[in-house]
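With chain A held as given, fit chains B and C onto it using these hints.
The residues making up each chain are set out below.
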Amino acid sequence: MQKYILRRILIGIPVFFAITVIIFGLIEIAPGDITDYFIRPELNMTDEAKDEIRIRFGLDQPVTVRYGNWLLNVLRGDLGYRYTNGQPVGATIIQRLSATTLLAGTALAIGATIGVALGVFTALRQYSAWDFLLTGASFLGISIPSFVAGIIILFIFSINLGWFPAGGMRPVDREPTLLTTIHHLVLPALVLSLAPIANFMRYTRFSMLEVIRADYVRTARGQGLRDRRITWRHSFPNALLPVITLLGLSLPSLVVGAVFTETIFSWPGMGTLYLEAVNGRDVPLLMGMNLVIALVVLGANLLTDLAYGLADPRIRYD
Amino acid sequence: MTEPTQRPRASAPVVQMQNATDRRAAKRDDKRALRRFIRNRAAVVALVILAVLVLATVAAPLIQRYQYEQIDLRARSSPPTAEHWFGTDRVGRDIWSRLLNGGQVSLLVGFGATLVSTLIGTVLGALSGYYRGWVDMVIMRVTDVFMTFPSIIIMLTLAAMLPRSVWTIVFIIGALSWTGTARVVRSQILSLREQEFILACRALGYGDARIIIVHILPNVFGSLVALVTFAIGSAILTEAGLSFLGLGVPPPTPSWGNMLEAARNLDILRNLPWMWVPPAIMLVLTVLCVNFIGDGVRDAVDPRMVL
Amino acid sequence: MQLVKKFLVLALIVVLALPMMVGMAQDGASGTLIGAFDIGPGGAPGVIPYMDSAGRTWLSKIWSPLVSWNADISALEPQLATSWSSNDDNTVWTFNLREGVLWHDGEPFTAEDVVFSLNLAINPDAATNFPGFSQLSRDSVKEVRAVDEMTVEFDLNSPNPRLPYNLILMWILPQHALADLNPADYQTSDWFFTEAIGTGPFMHEEFQRDQFWAVVANPTYWRGAPKLERLINRYFADETSAILALEAGEIHFSYASGDVALGFEGNADYQLFSGPSGVTNYMIFNERDPRFADIRVRQAFLYAIDRQAITETVLNGTAQVVPCIGAFPTMYPPAEDLNDYAYNPDMARQLLAESGADFSQPVEVVTYYDSQFHSDALAAMQAFLADVGVTITPIKQDVPTYNSYFYTGDGWTISYRGVGAGLANFPFPFYEVGGQPTTDGAPLDGTSYPELLDMIAQARVEADPAAYAGLIADICRFQNENATEGYMWTAIRFGVASSKLQDFYWFPGPGGGPYEDHAELWSVAG
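Top line first, the protein sequences correspond to chains A, B and C.
Those letters in the first sequence? Residues 58 to 375, per our numbering, in order.
Those letters in the second sequence? Residues 252 to 558, per our numbering, in order.
Those letters in the third sequence? Residues 213 to 738, per our numbering, in order.
Treat the hints as calculated values from the structure; they're not laboratory data.
Among the hints, a few may not be true.
FRET-style restraints, in silico, Cβ to Cβ [unchecked claim]: (1) 623/C x 111/A: 14 to 22 Å; (2) 235/A x 450/C: 53 to 61 Å; (3) 521/B x 187/A: 33 to 41 Å.
Partner residues aside, some chain A positions facing chain B, computed with beta carbon under 8 Å [what the hints assert, rightly or not]: (4) 83; (5) 120; (6) 122.
Note that beta-carbon positions come from the ideal geometry of N, C-alpha and C, so glycine has one too.
Chain A extracted, bound-state conformation (with noise of 0.2 Å):
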């Protein structure tokens, strides 16, 4: 197990490696630099105010030296500061990390339990009406993007109906509460969890199939035990293993789901972020954000496997 572990964090190392070069790299060849984003087209600027920004950022050095500069700073545990606004990017991220985790939390644990619920629910009735209509509502679910459930759930919800606020993370004019972010919370996790929850109830529902025709659970139906107990006993608990998984695997599409919900919602996560610093050239927040990025995706790819062994005594890591 710890071997494994071990191996694991050790083919990470060159994969994070990798992803920084491309990343540095993509943002090199790409047009336009910071100083371009800091000339406003409607307003005029000297060659001479351009170039001390380019020098103030260090970019009238050459990109192997930038490159081995960040990576020196990062090793030392400094992310640096943002080029649009001078702010930290370590504490910037640290910040819009936590808002996005509580949404995309939420909307997996939304998702994860009734997803799984919906999906034992449509497998102990294949082929009745409620199956019919929850796999049909299922197929809704992974085909609406989130842009347009999000408008939709906006308008609703929120125009119409006055239940929950349009946007933001809390009220400016008060502290706020468990309540009040839960009252945010509430749309954007919605729309989030939209997905995984159809996710979740196709997989549960396959998986619940499956086992229910295994011989195992025809056996304990032959020896007379009622249909409950085999239910929850036998079949749904091995039904629940390869669902595991897709917890890992949900990572990758909540990230995307995220970027659009949070731009719907005004929700201060990373996906915003990451769309201000394209835009601003911002190249130690996008260096820092895909860092971390990479960082979650394979830390919650290893947690997923290794949750997986726990749950399945018969994988053995080597």
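Okay, now just chains B and C, sitting in the frame of chain A:
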């Protein structure tokens, strides 16, 4: 772009082609799969709807009533009328024409990007699975990088920084969504390459390229079809998503995505629903069809599953 | 099974009950005004002084300059300076400072603060954007000195008849609080978000990055203590979210684009504010392309596009046609001196035919604009030009990409863009040889008009306001007559406020001002 349209599997290989000892058996299998697919009513209905959609967009020049870029300042922001079936936008362009032409672009991106990703994925997967060893090691590590890292992040970076055009979008989406294909092809080939008919081919002294292309890939085909179908849906959504953020197909070329982008403007969102509801419906409908078809295909080629 | 059902029912109840549990009352404490002051082109969330390409409406709540714009940016308004004058050749300027002004921490404001602020703003180590944004180059300032407690002298290396205009962006910072700050750390210092001591009507309370910046009334403000208890600037991802929050009653004010603002017209719950954007939108023709070196082609473009119809219909009257680069009517000569290039497609076709220019291939028009306003405008322009046989293909780019090659003068044929063109900050560099960064020292669009350059050079040093205005009008006449560029329109910008606000004022100053809005008089009813 958003949600993965493919149901992820815990145990990697999608299909076990145990009977595929030769191409005839594969063909027989394909026939059986086809029959199974036809029995899947939802998938067949979806296929018919999608066919109609594709035909309509391809036949746009015949059934559109105005050029999509033609403005009419007297008929601006018109709700649906007998003249403009789906109304007009704020410069008086016909939404019906834009919807058809936009569909052309969206579907083109969907199919084009999938073609790119399937080519890359198949080539890399085949190389990796067939040669194994360090080739496999390198390719799979690269696949790991692309897989672990949310491709949307790189897409956003690329889309913002490359020159904007339909082809750029096709390239970006295609170049970043081949990992699934590569993995499936690789695992298929890993299991196929040890089978007798391949060993026989090798004994006969056939070249690697011939073995891969003529004898192995056709057997992988079945499982690829489902993957490709899902990939098309995913690519269409990705285009729409990028366009929604203003990073996709550049206007005035319409696409369902950039027609939807108009909904980010509050006035249009609220007062001119005919400008964004049709593309939203078309988008969801198309992807829905594609997913139903993909599901049908997968069930058809995967005998283990009854749905 | 039962369990699953129970669970689903419970989940449903929780979701539906939530809004009731939280309570729908969104109204904050009376005396608190919440606005989206950094939405729209004049906004820049969380910028600090001297780095402010925009966002100055908000900065002016905490800090003040010596002199700002007046309410409609037609003239200067004294702030921390009460009066100013220059010597005969405009090389030495003297500013008399306001007596009795206190910093938020109670320290008195003096001439030393002004000297400190300017030296910081142009300090090469601090590398601020102030010299760039204010068009006051470092080399032009010889020295700034405090003559006495309440008098400051600016000693310049070259004559500058309009120095006060350059100083509008020079926010005065407290020397006593910042003297120890290493200038190299200026841009990364968090002082501006934790202490933020100024002389403005409001005092820093709390800053939450990307969420809000809250300030409270400054009881010692020199115009009198503000009526509001608190003022909060809330940040939004985009205009749509801000407007939705406005309609939901969560905020009291937001910028709104023209089409959205018109939706509020006649609604008693809201008050509308509007003004000229101060930005002229135009097609800049790259005359390195020989087709556009021909005046007939440039004029044909103007005749071909029905600018009047576009502004009145497509843009719903939220823009006005301009005859030249000037964004304000005060910069134009009498109408009879100007060619209005009224819509005339036949004339356009004829001019194009005479010129013999080949437009069989599509021409790319690059732009960095991505708003619906400009998308609609470009679509209309495209259709009008197609009508006379010219195909244009709009290409939208993000700002850094656009800037990275637009200013080289290379790689583009036409660009649809905007330039801020106010009376006092006329965009001279756009027309001066070598003024804009083209690699070969040629003017940006490939041609220099010697007469135009002469007039600009004269205007630059002209001290007499009337003569200056005359020169600006002459420049306009010249641009109009020669169709030097494809001048289109200037947009009107809007702000929407709740009618609960009393004595509230907003104006779309370029970059957010700073202009005099008497924030100390604002209040919230109910």
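Hints, verified against the model:
| no. | hint | result |
| --- | --- | --- |
| 1 | 623/C x 111/A: 14 to 22 Å | holds (21 Å) |
| 2 | 235/A x 450/C: 53 to 61 Å | violated (28 Å) |
| 3 | 521/B x 187/A: 33 to 41 Å | holds (36 Å) |
| 4 | 83 | holds (6 Å) |
| 5 | 120 | violated (15 Å) |
| 6 | 122 | violated (22 Å) |
This entry does not satisfy hints 2, 5, 6, going by the numbered hints stated previously.
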